[in-house]
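Visitor: Chains A and B, in that order, are what the protein sequence lines are.
Read in the numbering used here, the first sequence has 56 at position 56, and its numbers run on one by one without any break.
In the numbering used here, each number is its position in the second sequence, counted from 1, plus 121.
The set of hints was computed from the structure by calculation and includes no laboratory data.
Any given hint might turn out to be false.
Chain B residues, not near chain A, derived (Cβ > 10 Å throughout) [said to hold, decoys possible]: (1) 131; (2) 142; (3) 146; (4) 153; (5) 178; (6) 187; (7) 193; (8) 197; (9) 198; (10) 204; (11) 205.
Pairs of lysine to any residue, SDA-like flavour, derived with a Cα cap of 25 Å [as the list claims (entries may be wrong)]: (12) B:158 - A:114; (13) B:158 - A:39; (14) B:147 - A:96; (15) B:147 - A:57; (16) B:158 - A:111; (17) B:147 - A:41.
Ideal placement from N, C-alpha and C gives every residue a C-beta, glycine not left out.
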Amino acid sequence: DAGVIQSPRHEVTEMGQEVTLRCKPISGHNSLFWYRQTMMRGLELLIYFNNNVPIDDSGMPEDRFSAKMPNASFSTLKIQPSEPRDSAVYFCASSHGGGSGRSFISTDTQYFGPGTRLTVL
Amino acid sequence: QQPVQSPQAVILREGEDAVINCSSSKALYSVHWYRQKHGEAPVFLMILLKGGEQMRHEKISASFNEKKQQSSLYLTASQLSYSGTYFCGTPANAGGTSYGKLTFGQGTILTVHP
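Extracted from the complex, chain A is given alone in its bound form:
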């Protein structure tokens, strides 16, 4: 089975340019998460979706960041304009997620994509 797919795997761009990161979740999963990881700040949750609807975007650092999930099999994270401090590894993860009570617990397991290493010069 295909896991979470992210593209591109590496992106080098210049300050001020627009960057778009892409993610395809595991088929059948209905929750999708975007994370950013740096040495200084560790693993940070930026935004997550459930059934294509953004649930919590409080982790998005600035208005320069935006995310969309137009359908169950595709999501994008866009940075416009990009800055050197945006350099990081960006991970997308998906899970079954949802429901309530004990029944949802085992569905919380998240599966991570390989990540996109972004370098902004």
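Using the hints, position chain B against chain A.
Guide: Positioned in the frame of chain A, the structure of chain B alone reads:
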């Protein structure tokens, strides 16, 4: 609230044992453990459920202490392949709808030398 992991880092020689702890200030219903090797994505190891059995992944086992609101990861007879950063994750809204959101600890860096 973010769960707290201890220690922050541990260095072992092959064959030695280690314990990594994950503590929460709120009641826990489950704890997820992940391992991230250098340059790779975090990979799910196991999930511990409230009232559930101790789990095992290869020679790595974990337990869940509900009263202490803590989970411990036991790495027995460590191998070079165990090196990496270990994260614990807890559901954001225990007992309620969380949409799968996990709050991760800050990570424990494990280094195994020959």
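Visitor: Hints first: check each against the structure and report whether it holds.
Guide: Evaluation of the provided hints:
1. 131: holds (17 Å)
2. 142: holds (18 Å)
3. 146: Label holds. Min Cβ-Cβ 18 Å, cutoff 10 Å.
4. 153: It is violated; residue 153 (chain B) is separated from chain A by about 6 Å at its closest Cβ, not greater than 10 Å.
5. 178: The claim holds: residue 178 (chain B) sits with its nearest Cβ about 13 Å from chain A, beyond 10 Å.
6. 187: holds (14 Å)
7. 193: Label holds. Min Cβ-Cβ 19 Å, cutoff 10 Å.
8. 197: holds (23 Å)
9. 198: For residue 198 (chain B), whose nearest Cβ neighbour in chain A is about 26 Å away, the distance exceeds 10 Å, so it holds.
10. 204: Per Cβ check, residue 204 (chain B) is outside 10 Å of chain A; nearest 17 Å; holds.
11. 205: Non-interface label on residue 205 (chain B) holds, nearest chain A Cβ at 13 Å vs cutoff 10 Å.
12. B:158 - A:114: holds (12 Å)
13. B:158 - A:39: holds (14 Å)
14. B:147 - A:96: holds (24 Å)
15. B:147 - A:57: At roughly 23 Å apart (the allowed maximum being 25 Å), residue 57 (chain A) and residue 147 (chain B) satisfy the hint.
16. B:158 - A:111: holds (15 Å)
17. B:147 - A:41: Status holds; Cα separation ~23 Å.
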